[in-house]
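Asker: Start from chain G and add chain Z according to the hints.
Protein chains: 2
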Amino acid sequence: MGYNQKMYGLGSRRSIIREIFEYSKMRAAEIGMENVFDFSLGNPSVPAPAEVNEAIRDLLAEKDSVSLHGYTSAQGDAGVREAIANSIRMRFGVEMSPNLIYMTCGAAASLSICLRALIEEGADEECIVFAPFFTEYRVFVENAGGHVVVSQPNDKTLEIDPRDLESRINERTKAVILNSPNNPSGKVYTEDTLRALCKVLTKKSAEYGRPIYLIADEPYRELVYTDVTVPYLMNLYQNTLVCYSFSKSLSLPGERIGYIAVCPDMAASAEVYLAVCGAGRSLGYVCAPSLMQQVIARCLDAKVNVEAYRENRDLLYNSLTACGFDCVKPDGAFYLFVKSPSGDAYELYERAKAHELLVVPCDDFGVTGFVRIAYCVDHARVERALPAFRELAKEYGL
Amino acid sequence: MGYNQKMYGLGSRRSIIREIFEYSKMRAAEIGMENVFDFSLGNPSVPAPAEVNEAIRDLLAEKDSVSLHGYTSAQGDAGVREAIANSIRMRFGVEMSPNLIYMTCGAAASLSICLRALIEEGADEECIVFAPFFTEYRVFVENAGGHVVVSQPNDKTLEIDPRDLESRINERTKAVILNSPNNPSGKVYTEDTLRALCKVLTKKSAEYGRPIYLIADEPYRELVYTDVTVPYLMNLYQNTLVCYSFSKSLSLPGERIGYIAVCPDMAASAEVYLAVCGAGRSLGYVCAPSLMQQVIARCLDAKVNVEAYRENRDLLYNSLTACGFDCVKPDGAFYLFVKSPSGDAYELYERAKAHELLVVPCDDFGVTGFVRIAYCVDHARVERALPAFRELAKEYGL
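Residue numbers (my numbering), protein chains in the order written: chain G, 1 to 398; chain Z, 1 to 398.
Bound-form chain G, shown alone (with noise of 0.2 angstroms):
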């Protein structure tokens, strides 16, 4: 064939979340924005804090053309590494250097150059995710020459099952990835679960004499509505990558910034942060916008508003539980993951659009029978889907 028939798949079945987002600007059009009530995309609907703009302002002025907007290293100016670094030391109390930070566009090329650098070519190498997971993570893995293996949840809580994992271990598992808070379900893991997950690793690393990688993938760790902690997981496991974006966390989705830190304690963490930056010349990557690098080492302890997700989330919560759906409570994230009253996903989403609520099936997500609603849009549109999402219960006779 004249070109890569896998690559011209990826880009031709489009994901039914791209295919929602077409169909729901077709609605728009033909009754109004305001009568189609899409959660269907995860873009965050909160503006950035007005810090990042004033930083962009001020950088603008004091800094040349040149030093703002030309090449940095391929790892990352070494300043805003500093600055990362010293708010992982401040945060989390690890021991975190400059150069274990490499800096990235965003969350999907951190995760792609993670297991590009750790995935061996050719030795069919596995990497476990956790169910409920993020569809692309399929996509990455594949990419870097690996399988997708699915480890399934506990049925009534969707926490983790850490013997489930234990199951699916074996000797070409090179890596699991954890996504917590979670997309697509809210959820985020307990602490107790990440102890018992990372015992699992460590037990196996030693049976097999080396190292089981932990990917922890951390978009939605300042989107949190509860007292809950997220558990900084380089402190119960070394050998831990944390993939981060800023894309979620100060409303930047589109500018692609974010980085990869190796965990201090890792045995080969110097070995591992080369190989970072190998795949990351690999895959094309020269060095992470230079401006939104600056710009977000000034914004490190700048705040999204996170309240407003919250009010979105009690009052979608607490809206649809009583009228009957069956839902996870999140306490992360913006997504509510709730199950089919039939027990089929596509039936509720068809039914759902037919109310010109759009909200998302996730059966590709690794778990059957859930829909996935964003909540990061306007608290209005919540409340005026309210009424559509009753009458949609009563039709399933909730």
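None of these hints come from the bench; they were simulated from the model. Be aware that one or more of the hints could be misleading.
[To be verified] DSS-like mimics (lysine-lysine), calculated; alpha carbons at most 30 angstroms apart, straight line: (1) G:K394 to G:K353; (2) Z:K353 to Z:K339; (3) G:K353 to G:K25; (4) G:K329 to G:K303; (5) G:K339 to G:K329; (6) Z:K339 to Z:K329; (7) G:K6 to Z:K6; (8) G:K156 to G:K394; (9) Z:K203 to G:K6; (10) Z:K6 to G:K203; (11) G:K156 to G:K199; (12) G:K63 to Z:K63; (13) G:K6 to G:K25; (14) G:K329 to G:K353; (15) Z:K156 to Z:K203; (16) G:K63 to Z:K25; (17) Z:K25 to G:K303; (18) Z:K329 to Z:K303; (19) G:K6 to Z:K339; (20) G:K63 to G:K303; (21) Z:K6 to G:K204; (22) Z:K25 to Z:K63; (23) Z:K394 to Z:K199; (24) G:K394 to G:K25; (25) G:K63 to G:K6; (26) G:K25 to Z:K63; (27) Z:K25 to Z:K394; (28) Z:K303 to G:K63; (29) Z:K394 to Z:K339; (30) G:K339 to G:K156.
[As the list claims (entries may be wrong)] If you want a taste of the chain Z side facing chain G, the calculated C-beta under 7 angstroms gives, among others: (31) N143; (32) E271; (33) R310; (34) D314.
[Unchecked claim] Calculated Cβ distances over 10 angstroms to all of chain G for the following chain Z residues: (35) N53; (36) G79; (37) S97; (38) R163; (39) T193; (40) R195.
Heads up, the beta-carbon is just placed ideally off N, CA and C, and yes, glycines get one too.
Answerer: Structure of chain Z alone, referenced to chain G:
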């Protein structure tokens, strides 16, 4: 092993350019920056045009945070793609569609994505590059699963030799990468050469019954110093993909912004475009930086001060040839390619270093015996360096 050995190799094997960069910093600390004549890095020394920072300020004032910093669609903002398609139509007379433009994080991303979109895994496909060539091509081609084949130029002029190209094409040839104006030689290939090259590609595509793609890597298109034209390759050959970057044309190398344009005359243009979309997704590129997308759409006609580069070129070329060095006169980019009087590039590099002149030995670029002088530096640095070049010439007995 615990991690990918090839990536570790890529990350730890520093490029010679990076090594010189570190040496330069060390040496500047020892004897003062003004006494080190660093010509190693291709980092633009002229500021971005004033329009760039104006556009950033205007956008911050005009747009709300979510539309400014939010996700764009994966292929790029529709309005930005429309603006670029219009610009291509106007400048080059090609019937470009916004649906054949894919926004990227710069030239390295553009090339990585194109190669991944075209090269079939496990099929042992080849990609031809023309010596001298930018060494990272090898990394990108190999990441996509292909092999690099080097076509040798005409010895005297470094012009591409179409007969040499033809002799290298076989049933496994998937694409050729063309870079004009060229890094490292500064050559702008003549229209005659390019027509001959495209004739070979047309003939061979017909012979094999499938397209051999031409990937035009064009970050230096706007940097030309004479009235030579840089032909737009889509007008010469239908199976062309243009990889463009604003790194040099707007002095924004750190911002990582560019695009891929697929020729509308290509038989499978829509399919190849979808493969490009899939390849971007697979490599972890979610979208190009959103603020910068909007900035460049407003600055498509802005120009950097090319005159500053021309003055450096003239002074360097005239001075070096006057004292006996054999140089290829560069019509574009910001590199001067100098032949080692002894034929040994590393010897010239070492001898120059003894005079605090930092240049790049280019044996890795596919031709032996040359060094590259990157003259994207302050004019004063060129002036101060001339006595050292004269001393060096004397040493060689020129």
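Asker: Next step is simple, just say for each hint if it's right about the structure.
Answerer: Comparing the hints with the structure gives:
1. G:K394 to G:K353: holds, 15 angstroms
2. Z:K353 to Z:K339: Measuring from Cα to Cα gives roughly 16 angstroms; hence the hint holds.
3. G:K353 to G:K25: holds, 14 angstroms
4. G:K329 to G:K303: holds, 23 angstroms
5. G:K339 to G:K329: holds, 12 angstroms
6. Z:K339 to Z:K329: holds, 12 angstroms
7. G:K6 to Z:K6: OK: G:K6 and Z:K6 at ~23 angstroms, within 30 angstroms.
8. G:K156 to G:K394: holds, 24 angstroms
9. Z:K203 to G:K6: holds, 28 angstroms
10. Z:K6 to G:K203: holds, 28 angstroms
11. G:K156 to G:K199: holds, 23 angstroms
12. G:K63 to Z:K63: holds, 23 angstroms
13. G:K6 to G:K25: With a Cα-Cα distance of about 29 angstroms, the restraint between G:K6 and G:K25 holds, given a limit of 30 angstroms.
14. G:K329 to G:K353: holds, 23 angstroms
15. Z:K156 to Z:K203: Measuring from Cα to Cα gives roughly 27 angstroms; hence the hint holds.
16. G:K63 to Z:K25: holds, 20 angstroms
17. Z:K25 to G:K303: The hint is violated at about 37 angstroms.
18. Z:K329 to Z:K303: Holds. Z:K329 to Z:K303 sits at ~23 angstroms (cutoff 30 angstroms).
19. G:K6 to Z:K339: violated, 45 angstroms
20. G:K63 to G:K303: Within the cut-off at roughly 25 angstroms; holds.
21. Z:K6 to G:K204: Distance ~25 angstroms between Z:K6 and G:K204 Cα, so the pair holds.
22. Z:K25 to Z:K63: violated, 41 angstroms
23. Z:K394 to Z:K199: violated, 46 angstroms
24. G:K394 to G:K25: holds, 28 angstroms
25. G:K63 to G:K6: At roughly 44 angstroms apart (the allowed maximum being 30 angstroms), G:K6 and G:K63 break the hint.
26. G:K25 to Z:K63: holds, 20 angstroms
27. Z:K25 to Z:K394: Holds: Z:K25 and Z:K394 sit about 28 angstroms apart, inside 30 angstroms.
28. Z:K303 to G:K63: holds, 20 angstroms
29. Z:K394 to Z:K339: This hinted pair holds, its Cα atoms lying about 15 angstroms apart.
30. G:K339 to G:K156: holds, 11 angstroms
31. N143: Result: holds, 4 angstroms to nearest chain G Cβ.
32. E271: Check passed: Cβ of Z:E271 comes within 6 angstroms of chain G, closer than 7 angstroms.
33. R310: violated, 19 angstroms
34. D314: Status violated, d = 22 angstroms.
35. N53: violated, 5 angstroms
36. G79: holds, 14 angstroms
37. S97: Its Cβ never comes within 10 angstroms of chain G, the nearest being 16 angstroms, so this holds.
38. R163: For Z:R163, whose nearest Cβ neighbour in chain G is about 25 angstroms away, the distance exceeds 10 angstroms, so it holds.
39. T193: holds, 26 angstroms
40. R195: It holds; Z:R195 is separated from chain G by about 23 angstroms at its closest Cβ, greater than 10 angstroms.
Consistency note: the structure conflicts with the earlier hints numbered 17, 19, 22, 23, 25, 33, 34, 35.
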